[in-house]
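Protein chains: 4
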Amino acid sequence: MPVDAAPDVTIRPIEVGDRAAWEPLFRSYLDFYKATLTQDVIDEAWTRLMSSDPQFHIGLAAVVTSGHLVGIAHVLFHRSTWSKTYYCYLEDLFVDPAARAKGVGRKLIEAVYAEADRRRATRTYWATQEFNYRARGLYDQLATKSPFVQYRR
Amino acid sequence: MPVDAAPDVTIRPIEVGDRAAWEPLFRSYLDFYKATLTQDVIDEAWTRLMSSDPQFHIGLAAVVTSGHLVGIAHVLFHRSTWSKTYYCYLEDLFVDPAARAKGVGRKLIEAVYAEADRRRATRTYWATQEFNYRARGLYDQLATKSPFVQYRR
Amino acid sequence: MPVDAAPDVTIRPIEVGDRAAWEPLFRSYLDFYKATLTQDVIDEAWTRLMSSDPQFHIGLAAVVTSGHLVGIAHVLFHRSTWSKTYYCYLEDLFVDPAARAKGVGRKLIEAVYAEADRRRATRTYWATQEFNYRARGLYDQLATKSPFVQYRR
Amino acid sequence: MPVDAAPDVTIRPIEVGDRAAWEPLFRSYLDFYKATLTQDVIDEAWTRLMSSDPQFHIGLAAVVTSGHLVGIAHVLFHRSTWSKTYYCYLEDLFVDPAARAKGVGRKLIEAVYAEADRRRATRTYWATQEFNYRARGLYDQLATKSPFVQYRR
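Protein chains in written order, with my numbering: chain X, 1 to 153; chain G, 1 to 153; chain F, 1 to 153; chain L, 1 to 153.
In case anyone wonders, no lab produced these hints; they're calculated from the structure. Misleading hints may appear alongside valid ones.
Said to hold, decoys possible - Quick list of in silico lysine to aspartate or glutamate cross-link-like pairs, DMTMM-like style, CA-CA up to 25 Å:
no., chain 1, residue 1, chain 2, residue 2
1, F, Lys84, L, Asp140
2, G, Lys145, L, Asp140
3, G, Lys145, X, Asp31
4, F, Lys84, L, Glu44
5, L, Lys84, L, Glu130
6, L, Lys102, L, Glu23
7, L, Lys34, X, Asp31
8, L, Lys102, L, Glu130
9, G, Lys34, X, Asp31
10, G, Lys34, F, Glu44
11, F, Lys34, G, Asp96
12, X, Lys84, G, Asp140
To be verified - So these bits of chain G aren't anywhere near chain X, every CB distance computed over 12 Å:
no., residue
13, Gly17
14, Leu30
15, Gly67
16, His78
17, Arg118
Here the structure is a predicted model, which means the values were calculated and not measured. Even glycine gets a Cβ: it sits at the ideal position worked out from N, Cα and C.
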């Protein structure tokens, strides 16, 4: 597997100047899940990403040398009854289709892991659709599929 | 399905006086998952359940007329980039084996739903092991199995 | 688990005199799968069960001391490119709901195993719906869930 | 999806002259499943493919214009208690990695469907590992994943 995954890609926190570049990536991600969010929910998600309040997600951006955003991750550190510190939940992960197969997703996940370590989170996890084969090919390399299934009201 | 599920069972918040009755239920639950938590993690979980800080879980207890606890639920309301309000995550749910098959689990989940509605959570969800057939028999009646699988670092 | 599962139950080949008792069990089994077969398909299934031609299924009956049928199994020995002998496919398995939880299903599967051994089959297998929790509770004790999923045209 | 999938590929029955080209493909397929068969099992599989006895599999070969084999399929028509005719079981399917992503697998499956229609089979099915993402990407286009899981002794 790529030792030098995406050598020209840097992962950094999403910043206020990323607003215009971030929304199309988030919307493409939602499109992938055939999900629709109203503009006010998207605006609110952005406002919270810019907040330093720990109840909200942190945002990570994958940026190429030109400064262009090619990927995003939204990560929530939340409490668990099983942990004195935090669980790290990678809620959203998206890489621009034009920038795929170059290790950008891998770099984003590795940055999530680094942040989880920094905060001494005792678990890092995410969910994906069973048939999201492309993503799972990567996830199988970086993590373990748990035997858990998810129920929703 | 039981219209009068567990008629002698009341669901109420876990209270400070439940400490002695709560720990064996939480420990039995952990045993079921072949999980071990150190005493300080369990103590911390309890302290947080007693806190009103919204970053921590709320606790629900299923209580029979005698006042005896026969079930518990730990519920976290956390932020989501997909929601202006909250997601409701039922992290732990346990019913004393001696009190099973009487609708206690159902009543606890219904109380979680009621609390989720009160807080206008836009999703209520939980995870369970694929082979937890007994629980899934109930969950299939109350919720929908999503196509999501869970990855863990 | 039951060492003396269903002590009053005997497993024997389905015989011509079982015709009247067999059809309701096969039909209940089909009902469980919300499947409908026309009468001529059911008649043909019976005719083939009575045949000794090895291209057809063998039938096993679970019989209580009174002679009453409480369960059936239909088993096909077919060729595989991976085996010089046969694979043993348990296509249909049904136990009368009134006779459940007494080890009848277990005894039927054990009889299938014995027959598979007699014919030196190199694999014995069956399929069940992911959410057939009751049956899977038994199967998990007697066999291993493979990582295979089934596609159908 | 490719209307003219693999225009230079023809599907025809595996023939006696294919022996030398067939074995490496079958062995690569077995390698993929980390399976090992002794030479006598492989020899027997070949002998049976060459037989016209209906208890044995038929073989299909994907051949490029030069006559080179780039894919194989082994198909068993077997009896079912649910069918007056046959079920069509695609046991083995393999495409040379060097010939992938060109529609060869699709053409092989379509040829299986055509043969199943010719024999009036009432079901065509196969199994694949849950994590065989590459193959499942194709299968999802041509077939439906059933809710069935497979148990093996």
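Restraint check for lysine 34 (chain G) with aspartate 31 (chain X), where alpha carbons must lie at most 25 Å apart: Cα-Cα ~39 Å, so violated.
Lysine 84 (chain F) paired with glutamate 44 (chain L) [C-alpha distance capped at 25 Å]: Holds: lysine 84 (chain F) and glutamate 44 (chain L) sit about 7 Å apart, inside 25 Å.
Pair hint outcome, lysine 84 (chain F) versus aspartate 140 (chain L) [Cα-Cα no greater than 25 Å]: violated, 32 Å
Assertion that histidine 78 (chain G) lies farther than 12 Å from chain X (Cβ): violated, 5 Å
Restraint status (C-alpha distance of lysine 145 (chain G) to aspartate 31 (chain X) at most 25 Å): Holds: lysine 145 (chain G) and aspartate 31 (chain X) sit about 21 Å apart, inside 25 Å.
Proposed proximity, glutamate 130 (chain L) with lysine 102 (chain L) (alpha carbon, max 25 Å): holds, 23 Å
Hint consistency between lysine 84 (chain L) and glutamate 130 (chain L) [alpha-carbon to alpha-carbon, up to 25 Å]: Given pair lysine 84 (chain L), glutamate 130 (chain L) is violated - Cα atoms ~31 Å apart, limit 25 Å.
25 Å limit on alpha-carbon distance, applied to hinted pair lysine 34 (chain G) and glutamate 44 (chain F): Measuring from Cα to Cα gives roughly 50 Å; hence the hint is violated.
Straight-line alpha-carbon gap lysine 145 (chain G) to aspartate 140 (chain L), limit 25 Å: holds, 20 Å
Restraint check for lysine 34 (chain F) with aspartate 96 (chain G), where alpha carbons must lie at most 25 Å apart: Given pair lysine 34 (chain F), aspartate 96 (chain G) is violated - Cα atoms ~35 Å apart, limit 25 Å.
Interface exclusion of glycine 17 (chain G) relative to chain X, criterion Cβ beyond 12 Å: With a cut-off of 12 Å, glycine 17 (chain G) remains clear of chain X, as the shortest Cβ separation is near 19 Å.
Pairwise hint evaluation, glutamate 23 (chain L) against lysine 102 (chain L), where the allowed Cα distance is 25 Å at most: holds, 22 Å
This entry does not satisfy hints 1, 5, 7, 9, 10, 11, 12, 14 and 16, going by the numbered hints stated previously.
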